Amino acid sequence: MKPPVLEIKNFNVDYGLGDQAVQAVRDVTLTLHRGEVLGLAGESGSGKSTLAYGVTRLLPPPGVISGGSVIYHPPGGEPYDVMALSNSELRAFRWAETSIVFQGAMNSLNPVHKVSTQMLDVIRAHEPQLTQEARVARAKEMLKLVGISADRMDAYPHQLSGGMRQRVMIGMALVLEPQVVIMDEPTTALDVVMQRQILAQLVELRERLDFSVLFITHDLSLLVEFSDRIAIMYGGRIVEQAKSADLYKDSLHPYSEGLLKSFPALRGPRKELAGIPGSPPDLRGMPTGCAFHPRCPHAFDRCSTEIPVLGVPEARNDPNREVACWLPGRVPVG
Amino acid sequence: MKFLLQRIAFYLFTAWAAVTINFFIPRLIPGDPVQSLINKQQGNISTEAVHSLYVLFGLDKNASMLSQYKDYWIQIFHGDLGTSFTFFPAPVSQILTQSLPWTILLVGITTIVSFALGTGLGVLAGWRRGSWMDGLLPVTTFISSIPYFWLGLLAITLLAGAGSFFPSSGGYEPGLVPSWNGEFIGSAIQHSLLPALTILISSVSGWILSMRNMMVTVASEDYITVAHAKGLSERRVMVSYAARNALLPNVSGFALSLGFIVGGTLLVEIVFSYPGIGYNLFQAVGSKDYPLLQGIFLIITLSVLVANLLADVAYLLLDPRTRKEG
Amino acid sequence: MSAPASTITAVTPGGPAAATAPAKRQRLRFVANGKAATGLVTLAFFCLIAIIGPWIAPFDPSKRSSDILQSPSGKHWFGTTHLGQDIFSQILVGTRGVMFVGLLAGIIATALSVLIGVSSGFLGGAADETLSALSNVFLVIPALPLIIIVASTIPGAGDLMVALVIGLTSWAWGARVLRAQTLSLRRRDYVEAARATGESTWRIITVEILPNLTAIIASGFVGTVIFAVMSEITLAFIGISTISEWNWGTILFWAQSQQALAQGAWWWFVPAGLAIAILGTALSLINFGIDEFVSPRLRSSGHTKVKTADGHTVKMRVGFTPVLSQNGKKDPVTPVVRKATDEAKGAA
Amino acid sequence: ACSNGDDSKNTAGTGGSTTTVLNVGMPNGPQTENHNPFLGSSAGASLGYRWMIFEPLVMINGIKPAEPGKPWLATEWKWDANFTKLSLTIRDGVKFSDGTPMTADDVAYSFQLRKDNEGLNTDAIPYGTITASGNKVDLTFTRSQFTNQNKVLTVFVVSKKQWSAISDPTKDILKNPIGTGPYTVKSFTPQTTTLTVRDSYWQDLPKIKELRYTSYNDNNAQTTALANGASEWSFVFVPNVKAVYQSKDEKNHKLFFPANLGIHGLWINTTRKPFDDPALRRAMDKVINRDDIFQQGEAGYFYPKVESVTGIPTPAGESFIAPEYKDKKHVVDVDGAKADLAAAGYKLEGDVLKDKTGKPVTITLTDPAGWSDYITDLEIIKDNLSTIGIKATVDKANQDAWFKKIDEGDFDAAMHWTNGGATPFDIYQNIMDGKILKPIGKGGVSGNYGRFNSPEATKALDEYANAADEAARTTALNTLQKIMVEQMPIIPTSASNVGGLYSTKNWSGWPSDADPYAPGQPTQQNALEIVLKLKPSGA
Amino acid sequence: MTATETEPVTTGDVVLEADGLTKHFPVRRGLRDLFTKERKAVHAVDDIQLTLRRGRVTALVGESGSGKSTVARLMAQLYGRTAGDIRLHGETITVKGGRGFRAYCRQVQMIFQDPFASLNPVHTVRYHLTRALKIHGRAGKGSAELEQNLNALLLRVQLTPPERYLDKFPHELSGGQRQRVSIARALGANPEVLLADEPVSMLDVSIRLGVLNLLRDLKERLNLAILYITHDIASARYFADETLVMYAGRMVEGGDSETLTQNPAHPYTRLLIESAPDPDRLDRVGDAKDAPEDTAGGEPPSLIAPPTGCRFHPRCIHAMPKCSTELPPRFELPIVSGEGEHWAACWLYEEGAAK
Ligand SMILES: Nc1ncnc2c1ncn2[C@@H]1O[C@H](COP(=O)(O)OP(=O)(O)OP(=O)(O)O)[C@@H](O)[C@H]1O
Ligand SMILES: Nc1ncnc2c1ncn2[C@@H]1O[C@H](COP(=O)(O)OP(=O)(O)OP(=O)(O)O)[C@@H](O)[C@H]1O
Ligand SMILES: [Mg+2]
Ligand SMILES: [Mg+2]
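Residue numbers (the working numbering), protein chains in the order written: chain V, 1 to 334; chain S, 1 to 326; chain H, 1 to 348; chain B, 1 to 539; chain C, 1 to 355.
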């Protein structure tokens, strides 16, 4: 396995403070390795976006990071904790080391500035030593990489189609050649044809620029196809993580299992799908013990009292996969 | 471009409507200017004089409404707004050219300064919510609720007493002849300080409030978060992303207030005896000077229209997404 | 057949009681807002004075006395005029006219703006074109000069007339805002859905659309009331409206025409001016409340700095999420060593 | 202090002793450039400087209208017995400011202009023939001009050369006014008109080298300017004049407000019951406190009290007062009024007066909202009337509506003025003339608003105007006075004024109660006389 | 089963039919009309053929903006149509408002695309459902009966226990719950046809499945005809009996769902199916083999000036000269397996053309 670039450790995020706080992300530990695509899936409201924003400290109020650390490993440098950076250090860290692509590209681009302005802004902020020509050249090159011709540089966001805007955002995310790109549902608003095209481009770019991607979506089938590793979130916690193929073929957590059983397949035999009964938990009144137990077909006493910890399951002693479940055989080793 | 054409059609229509209303209002008024003149003089005009005044003002003839309306339009297109009664036989246009510059300079500059200042402070207050600036909001609200003529009166009492630097009335030192020399301009500026200050104080907080609220709204837009995520400097995000976008909705408010420069602050002119158009309006109303009244109203309406047109153009320039509806 | 769907059961932690509570809270939130509450209380106070003012006034406001131009005293709280009239009584009695004109004009203008704005937005087509042209014209025609002209030309213009004139000339802005809002509401799915359910147009407008406009209508109302109060006072102040009744503007008119300030009679000016400012502030505060009620984003405006349980102050702001102190960090974190180039960037 | 700027200019830079400028102010708002002396709307008329440029044939003292005038541009004038013919002898050696001499032709032309242009004939003088020969001008009139004699004699003279070139004298703004007066226009701005003295003049040149007429926007601004000395002469209503003006410079700030022959009073609609009863009107008259009106309503100076029961202002009209009324002055007499009312069949029940039919007597007093002095007067009257049980309401009306109602006789009572003139005739004619009596509901009367119908009064007025000799006039006027006192068609309160506020700081020689050689108002014709008399204070 | 007891019905009867359905939205113009002669319009839907049968689900798939929602709204008579025919039980019906519209929507009900937008935030669930019942005269007499009917409605969409949901505001419900309230509202009219416009697009996979299963259950129990609009071709395969594919306002292919998804004929359908994420796919995203059959960079055509001929031709790798000039008619295709028909509007399947 490649070395890590981003280590999220015991990460906690709250919305609000004190008694009012909603604990949206609980004790998440996750490692992103160099050059890999890590998929993050889970029900809506399970805390995926919160995690992504939290790692970059971009959560809007009333979000606060209530614990944990995010260790960033710069290439060839000493690792440091993003959570301990001052605001100006954070500013320097952002985009140059970790960039982020949000769900709605229309909302991510400032409607009153040209695409070029917004792109050059980033370069100017982080590499002030570059000349204007060099910056323009860099921006053009990047746009070309994502399949937008240089003459669209001076277009305003509203003059571009949704797909183009999304590609501009991806291009912008890569313009400083960061180590980590976080993508929060970058293609959900697009149709499948467009989605596939953009992802294909991303994969190609990753091979050339060698960055790591944290890819968030609730579309599991997409993840299975697209990512190297998948982590499943439920109720603010990671409940399972594994290589994507492993997870698809042999999921260990009942929730992951339910998820995989919920999407109809396009090919193969037509089968009745059962879905997951019940509805997602309310963060203000989390069930005790395993958050999934009220919906879990296999739940037993222990599930409602003790919170399972994420760890390598006994049954498959594979260091690459972890699960948080009390079911026999899935209890973590040690 | 099409958008502009559409707007222009709207402006033409509005101008027509305004001129028409303008034409009819005085004609529906009971009483007449001669009586007003007599009233004003309270006995200094003998009753015999009444007839000579009617003859003088040409009010002894009768024409049909329609033909008057037609004549009115013809006159307007000739730039002829008629002859004032109070300043007989001075043409209305002359009175307006005499007073308009004062108003435009005083209120115009003040409005612009107030907008700029208020917007700037509003940007800061909205950006740093919870800072001391934000704490001043209730005070600002209170100040903006004070009727500005009252503020003006207070200012005159407190600041313009005998021996003060601030003159309490007029547009310039009596005895000076308006010209572009230092003495006159200095005097004009000195005379405009107090009224300007009054308008500024009472209007700036409105801008602060609206800009602040827009900033707060814009600050939670995704592109602001993205701008932060891009690691841009604080100032860049505040100015180029947040303030730039928050400014847009305020532009039309600004245009509207520019339009109201002419008619909106008439009380300040009255209170400070400032030789502007607001004072003229007051006079014209007092003495039933229809032609002057019409002329002023027309000017005000047209300036509102022009200001709106400017706002539209500004909007076009500032906002690449051309709006269809407003 | 047993559809798997039938196994779906809702999990609602906390039970129904806990779940319905927020709805009630939301309705009351408007009042719970400190600013709005202050505004409402002040407004209520003025309304009360408007009703009982003439009864509690210690003197007949027009009654002359030998206390000519007295400064405030125990007998005359706000002093007296050149005729020995009691200014405090004038203020009390004058409140009614101000509130009457303000509220009536507000109601007229609001009713008109709702009628014209909503129908123009909802009906669309030629009706929309006509109505919005109408409101655009009224918007561009300057209201205050028009009011001055009209009020000065209508014979015997009393409070009612002034209120009517103000109401009839100041609805345009509200109509425009409402039209825009209605346009966007009209395209909302729930309006279409109501139509698809078979609701009548009239019911769609009144029951589906109007409730969603409440906040805008309310803030428009408050705005018009402020404007109407100011206009009425202005008219009285410059001696244009023929107010035989007392109102704050009349007081100021007398003060001005008797050159109270030159005479040093500040008490003649100050109470009326302050009353106007306080009423205006109260109305703006209510407006704030309404604004925040509508826009959840403004709701948290006061709470950007928060004290945590352990006594830390956390400043919340967009773009820089605060990290709470991690007391008793579980696992030692690798010491932070910053990249050399990073330092340079940070400084830049 | 505040006038720092003025002082320096006032004194032409060197110091207090060489004062050359007089600052005159009027509260009339911005002006437009218009020096046409005929137009009341011109800056010249509004500020009064037209009298510094255009001179009358005869200078008549407005406060002593019965005295013969001073010869001015005419050295002699002669009316024929029934006042339908006037012959004037024109002064020699008078030159217009363009250097051309003034001749009888110019004078005749000045009359001709008025005859030809109805709009300029503001006094509606029925001119007949106008002829000039040598230094004589002869005029005829179609009616007796006894009551108009002063109006004819004070006609100002314009240059025929200049005016015959003007196409429409009613519309011309006369950019370069040419007159015989001692001043010419130096500069004009909407705020200030400056006049400068001519090189030569047919009398001694005035000491004031420059006259600066400033138009302040309103009374407040004018008052402030007066108080701080920026304005040295004005005519304005200043409430509490002692505190606001005089106390600012006790030594120099003076006011002189003599009455002329016009009055202000409470007009009563004599057709409305029960006010058609003279007894009631007389009783009302008895309780009205003119001192309060003078002190509180008119700030103790503005409109002087009318003291004589005949309504004739004094001292201007002293000589006209009938012997029987010579010493009869208005006094507040509530008990007397009550007694009179009781005698006339009215009942005072508690504090409500019931008329003969048993109905309570109520009255609405109406005046426009903007006229604060009248409204104040009404408030006082209301209070006064309550002492005899009349419940009065003060109704502040819209100015136009009010005018219409007054004109058409649709009112109970209102403060209003009367005409004024050389004799009390104008006052009485305005109040009582049956010839201008119109029925209620019809307007255009321009007088007799109270619809006072008295054939006796009409006859007396007629006799006065057309009387052949002084004795007949005196008889007629005495009759009119009797009617006035007994019928009280209006209740007079104040006299019209022709006063002024002035400062003796820089200039002395002003008219005063001690030396009332002219009215004090800067916009009256006599202002020229004052300006000619003023001398630097220090010198 | 209350709704269907009265008349005997046979699964497969045609209930609602559209023939040559066309909708052009005029581009909003004001004064501009004066300066340009031609009237521009968005050709949102052109010449659509659609048949809904009792007890059967017809899926409508296609890319974003291809006119699917417009078709549904046209069928619900919420939009006036530019051309074409809508037949309910064989009778052409055009209603604009009032009584006729009410009668129509008693039989044809629509579920809107966005569960977050289609419920009025100021009204409770009870209000929404009560109105649906009252308008169609199914509220019963008295409040007790109404309560009973409301409960029945909620039970039918599995919102149990009903009392818990009745007095909630929309914002207090999850997406799936809202979607079910929308369905309940539509059922309140006791319709024969349900036009479900992407009822699940906003939902998460597990909830999505719940709603689909619910709809299927209703279809079977109440013998409803359902139009199911979706982006997700896999769910169409799972849920619908028949599937139609739209591209840029036109139908390009139709047939039995299984046949269509397993043997797509039209190049656009093939692109769609190939682009759909599929975990069972052997090659992964980004692999060279995976190049989509698209030559225009995924850009959809302008609907204001749609391409002539076949609207897909600018993006089609198989495009022939004919494609850009002539509009392809429907060509029947051989059925590989199962029943039903299969057709495609593509010149590739013209008799004699090389396949
Ligand atoms: N401002 C907030 N205050 C309180 N709770 C919040 C706030 N913002 C988000 N949450 C809660 O935090 C939880 C996590 O939200 P988040 O947006 O991270 O979910 P997600 O996994 O990204 O869901 P989706 O797939 O819908 O995007 C949700 O249950 C949400 O209700
Ligand atoms: N009211 C309207 N006025 C003008 N154009 C419209 C209108 N409604 C829809 N359109 C246009 O018609 C086309 C089809 O829209 P429609 O909503 O039917 O697409 P859709 O297939 O439902 O898309 P999606 O999958 O995104 O819901 C689009 O180009 C859209 O812009
Ligand atoms: Mg999310
Ligand atoms: Mg759609």
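Since the hints were made in silico from the structure, they are not lab data. Bear in mind the structure is a predicted one, so any value in this text is a computation, not a measurement. For glycine and all other residues, C-beta sits at the position ideal for the given N, C-alpha and C. Be careful, since some hints might not be right.
What the hints assert, rightly or not - A short, non-exhaustive set of chain H residues, derived as facing chain S with CB atoms under 7 angstroms:
# : residue
1 : A50
2 : I52
3 : V137
4 : T201
5 : I204
6 : I276
How the hints compare with the structure:
Taking 7 angstroms as the C-beta cut-off, the interface hint given for A50/H is violated, the closest approach to chain S being about 18 angstroms. The beta carbon of I52/H comes no nearer than 24 angstroms to any beta carbon in chain S, farther than 7 angstroms, and the hint placing it at the interface is violated. Hint status for V137/H relative to chain S: holds, with the closest Cβ pair at about 4 angstroms, below 7 angstroms. Taking 7 angstroms as the C-beta contact cut-off toward chain S, the hint placing T201/H at the interface is violated, the least distance being around 22 angstroms.
Among the interface hints, the one on I204/H is violated; its C-beta lies about 21 angstroms from the nearest C-beta in chain S, farther than the 7 angstroms criterion. A least Cβ separation of about 5 angstroms between I276/H and chain S falls short of the 7 angstroms threshold, and the interface hint therefore holds.
Against the hints set out earlier in the document, violations occur for numbers 1, 2, 4 and 5.
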